[in-house]
Amino acid sequence: MKALVKTLVGDVWNVSVVATIVLGAVALVYSGRTEVVAFVIPPLTLAGVAWLARRQD
Amino acid sequence: MFQWTIVIPTFLAATVEWVEAFTIVLAVSLAIGWRSALGAAAAALLVLAVMTAAAGGALSHGLSISGLQLVIGVFLLLFGVRWLAKAVARQAGLKARHNEAEEFDEARARLANGDWYAGWAIAFKGVMLEGLEVWLIVVALGVHGFWASSAGAAIAALIVVAAAGALVRAPLARVPENTIKFAVGAMIVAFGTFWTLEALGGPHVWPGGDWALPGLVIFYAGGGMLLAALFRKPVAMVEVR
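These protein sequences, in sequence, are chains D and B. Positions in the first sequence are counted from 1; adding 1248 to them yields this note's numbering. Positions in the second sequence are counted from 1; adding 164 to them yields this note's numbering.
Hints are supplied without guarantee of correctness; some may be wrong.
Distance condition first, Cα-Cα at most 25 Å in a straight line; then the derived SDA-like pairs of lysine to any residue [stated by the list, open to error]: (1) D:Lys1254 to B:Gly257; (2) B:Lys259 to B:Ala385; (3) B:Lys289 to B:Ala328; (4) B:Lys259 to B:Ile319; (5) B:Lys289 to B:Thr216; (6) B:Lys289 to B:Phe268; (7) B:Lys289 to B:Arg274; (8) D:Lys1250 to B:Lys259; (9) B:Lys259 to B:Gly366; (10) B:Lys397 to B:Asn342; (11) D:Lys1254 to B:Ile319; (12) D:Lys1254 to D:Ser1264; (13) B:Lys259 to B:Gly316; (14) D:Lys1250 to B:Ile323; (15) D:Lys1254 to B:Val211; (16) B:Lys289 to B:Ile323; (17) D:Lys1254 to B:Glu267; (18) B:Lys289 to B:Gly316; (19) B:Lys259 to B:Asp279; (20) D:Lys1254 to B:Leu210; (21) D:Lys1250 to B:Phe268; (22) D:Lys1254 to B:Gln233; (23) D:Lys1250 to D:Leu1292; (24) B:Lys397 to D:Ala1275; (25) B:Lys259 to D:Ser1279; (26) D:Lys1254 to B:Val332; (27) B:Lys259 to B:Gly379; (28) B:Lys289 to B:Asp279; (29) B:Lys259 to D:Leu1292; (30) B:Lys397 to D:Met1249; (31) D:Lys1250 to B:Ala219; (32) B:Lys259 to B:Gln167; (33) D:Lys1250 to B:Leu296; (34) D:Lys1254 to B:Phe268; (35) B:Lys397 to B:Gly257; (36) B:Lys259 to D:Tyr1278.
Sample of chain B residues with no beta-carbon within 12 Å of chain D, all distances over it, derived [said to hold, decoys possible]: (37) Trp168; (38) Leu275; (39) Glu297.
If you are wondering where the hints come from, they were derived from the structure by calculation, not from laboratory data. Just so you know, even glycine gets a beta-carbon here, dropped at the ideal spot from N, CA and C.
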């Protein structure tokens, strides 16, 4: 079961990174800043990738 | 008609996963025979095919378009971010590269006592877990009406890997897994970001509309390569006299 969940969503750190990205996008969209969301979320996602990559150490 | 933006990432991702599944089936076949190992693999593939059909039907009818885009976008992010991070870490030398020969030896060691049921279960579970990642990509990329492209690409990858494996009869260690994972990770994260933001804010959030998608792929692939270069561990200098 643990292997199945890990295959589908990854570990807790992976879920935390994606949750931060999605919450960031929701916050920007619902505060009316839709014009900046396309420029904020991709760098935030790449920062999450960098953090996860460093954790593989 | 085939949609190449769907076919390419699905084919590449499926190839990587099928190679891993093939390695496990190959190791198991040496303990319990080809027929039994292939039977376990076929059973797992059948379950995956049923899951694909069921998920496709449920997703196509149960949710609004933006709800569907959000669910699929988040799933692609969960999947792609993980793949890209691992590829960056492997490229930078922070994580050992995946070794098919090692995995093959491990599976053989687990089966040293020749237990038929254990062998069958290992082959089934191996194909099922590797296949689940293929299933996720097939469902996520096929859901907008591109089922033929996504499922067809996954089946084509399965045929190519099975044919190459049957010819070589050894772990397919020469497949450049990390390079493929790098490229696919960037593509999957790009799709995930694109659909998640479009679902939340509408189509106008992306300047340039659909043209933002290739831009995102380039951004993540380039950014990933930059991160790998930044994180690269210095190679120990050996003094030569």
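Now for the hints, and whether the structure bears them out:
1. Taking the CA atoms of Lys1254 (chain D) and Gly257 (chain B), the gap is about 23 Å. The hint holds against a cut of 25 Å.
2. Our distance criterion of 25 Å between C-alpha atoms is met by Lys259 (chain B) and Ala385 (chain B), whose separation comes to about 19 Å.
3. With a CA separation close to 22 Å, the supplied pair Lys289 (chain B) and Ala328 (chain B) stays within the 25 Å bound.
4. Restraint check: the Cα-Cα separation between Lys259 (chain B) and Ile319 (chain B) comes to about 30 Å, which exceeds 25 Å; the hinted pair is violated.
5. Simply put, Lys289 (chain B) and Thr216 (chain B) have alpha-carbon atoms about 17 Å apart, close enough for the 25 Å limit, and the pair holds.
6. Only pairs whose Cα atoms come within 25 Å are accepted, and Lys289 (chain B) paired with Phe268 (chain B) is accepted, the gap being roughly 15 Å.
7. Proximity of Lys289 (chain B) to Arg274 (chain B) is assessed by CA-CA distance (about 14 Å); at most 25 Å being required, the pair is judged to hold.
8. Restraint check for Lys1250 (chain D) and Lys259 (chain B): the C-alpha separation of about 22 Å stays at or below 25 Å, so the hint holds.
9. In summary, the hint linking Lys259 (chain B) to Gly366 (chain B) is not supported, as the alpha carbons are separated by about 39 Å, beyond the 25 Å threshold.
10. Of the pairs offered as hints, the one joining Lys397 (chain B) and Asn342 (chain B) holds, with about 17 Å between alpha carbons and a cut-off of 25 Å not exceeded.
11. With a C-alpha separation of about 24 Å, the suggested pairing of Lys1254 (chain D) with Ile319 (chain B) holds against the 25 Å cut-off.
12. With a CA separation close to 13 Å, the supplied pair Lys1254 (chain D) and Ser1264 (chain D) stays within the 25 Å bound.
13. With a C-alpha separation of about 33 Å, the suggested pairing of Lys259 (chain B) with Gly316 (chain B) is violated against the 25 Å cut-off.
14. Of the supplied pair hints, the one linking Lys1250 (chain D) and Ile323 (chain B) is violated, its CA atoms being roughly 30 Å apart against a limit of 25 Å.
15. Between Lys1254 (chain D) and Val211 (chain B) the CA atoms are separated by roughly 19 Å; this keeps the pair inside 25 Å, and the hint holds.
16. About 20 Å separates the Cα atoms of Lys289 (chain B) and Ile323 (chain B), which keeps this hinted pair within 25 Å; it holds.
17. Restraint check: the Cα-Cα separation between Lys1254 (chain D) and Glu267 (chain B) comes to about 19 Å, which is no more than 25 Å; the hinted pair holds.
18. Restraint check for Lys289 (chain B) and Gly316 (chain B): the C-alpha separation of about 23 Å stays at or below 25 Å, so the hint holds.
19. Using a Cα cut-off of 25 Å, the hinted pair Lys259 (chain B) and Asp279 (chain B) is violated, with the two alpha carbons roughly 33 Å apart.
20. Of the supplied pair hints, the one linking Lys1254 (chain D) and Leu210 (chain B) holds, its CA atoms being roughly 22 Å apart against a limit of 25 Å.
21. With a C-alpha separation of about 22 Å, the suggested pair Lys1250 (chain D) and Phe268 (chain B) falls inside the 25 Å cut-off, and the hint holds.
22. Among the hinted pairs, Lys1254 (chain D) with Gln233 (chain B) is consistent with the structure: their alpha-carbon atoms are about 22 Å apart, no more than 25 Å.
23. Note on Lys1250 (chain D) and Leu1292 (chain D): the hinted pairing is violated, with a Cα-Cα distance of about 28 Å set against a maximum of 25 Å.
24. Pair hint Lys397 (chain B) plus Ala1275 (chain D) does not hold up; C-alpha atoms about 37 Å apart against a cutoff of 25 Å.
25. For a cut-off of 25 Å, the pair hint linking Lys259 (chain B) to Ser1279 (chain D) is broken: about 40 Å separates their Cα positions.
26. Using a Cα cut-off of 25 Å, the hinted pair Lys1254 (chain D) and Val332 (chain B) is violated, with the two alpha carbons roughly 31 Å apart.
27. Note on Lys259 (chain B) and Gly379 (chain B): the hinted pairing is violated, with a Cα-Cα distance of about 28 Å set against a maximum of 25 Å.
28. At most 25 Å may separate the alpha-carbon atoms for a hinted pair to count; Lys289 (chain B) and Asp279 (chain B) meet this at roughly 15 Å.
29. For the hint linking Lys259 (chain B) to Leu1292 (chain D), the alpha-carbon distance of about 23 Å falls within 25 Å, and the restraint holds.
30. For the hint linking Lys397 (chain B) to Met1249 (chain D), the alpha-carbon distance of about 35 Å lies beyond 25 Å, and the restraint is violated.
31. Note on Lys1250 (chain D) and Ala219 (chain B): the hinted pairing holds, with a Cα-Cα distance of about 21 Å set against a maximum of 25 Å.
32. With a C-alpha separation of about 34 Å, the suggested pair Lys259 (chain B) and Gln167 (chain B) falls outside the 25 Å cut-off, and the hint is violated.
33. As the CA atoms of Lys1250 (chain D) and Leu296 (chain B) are separated by approximately 14 Å, the hinted pair is consistent with the 25 Å bound.
34. The suggested pairing of Lys1254 (chain D) with Phe268 (chain B) holds, with an alpha-carbon distance near 22 Å, which does not exceed 25 Å.
35. Only pairs whose Cα atoms come within 25 Å are accepted, and Lys397 (chain B) paired with Gly257 (chain B) is accepted, the gap being roughly 6 Å.
36. This hinted pair does not check out: Lys259 (chain B) and Tyr1278 (chain D) have alpha carbons roughly 39 Å apart, beyond 25 Å.
37. Once the 12 Å rule is applied to beta carbons, Trp168 (chain B) is consistent with being away from chain D; the minimum gap is 23 Å.
38. With a closest Cβ-Cβ approach of about 18 Å to chain D, Leu275 (chain B) is found to remain outside the 12 Å limit, as its non-interface label requires.
39. A Cβ of chain D approaches the Cβ of Glu297 (chain B) within 12 Å, the least distance being about 6 Å, so the stated non-interface status is violated.
In the structure shown, a violation is registered for the earlier hints numbered 4, 9, 13, 14, 19, 23, 24, 25, 26, 27, 30, 32, 36, 39, in ascending order.
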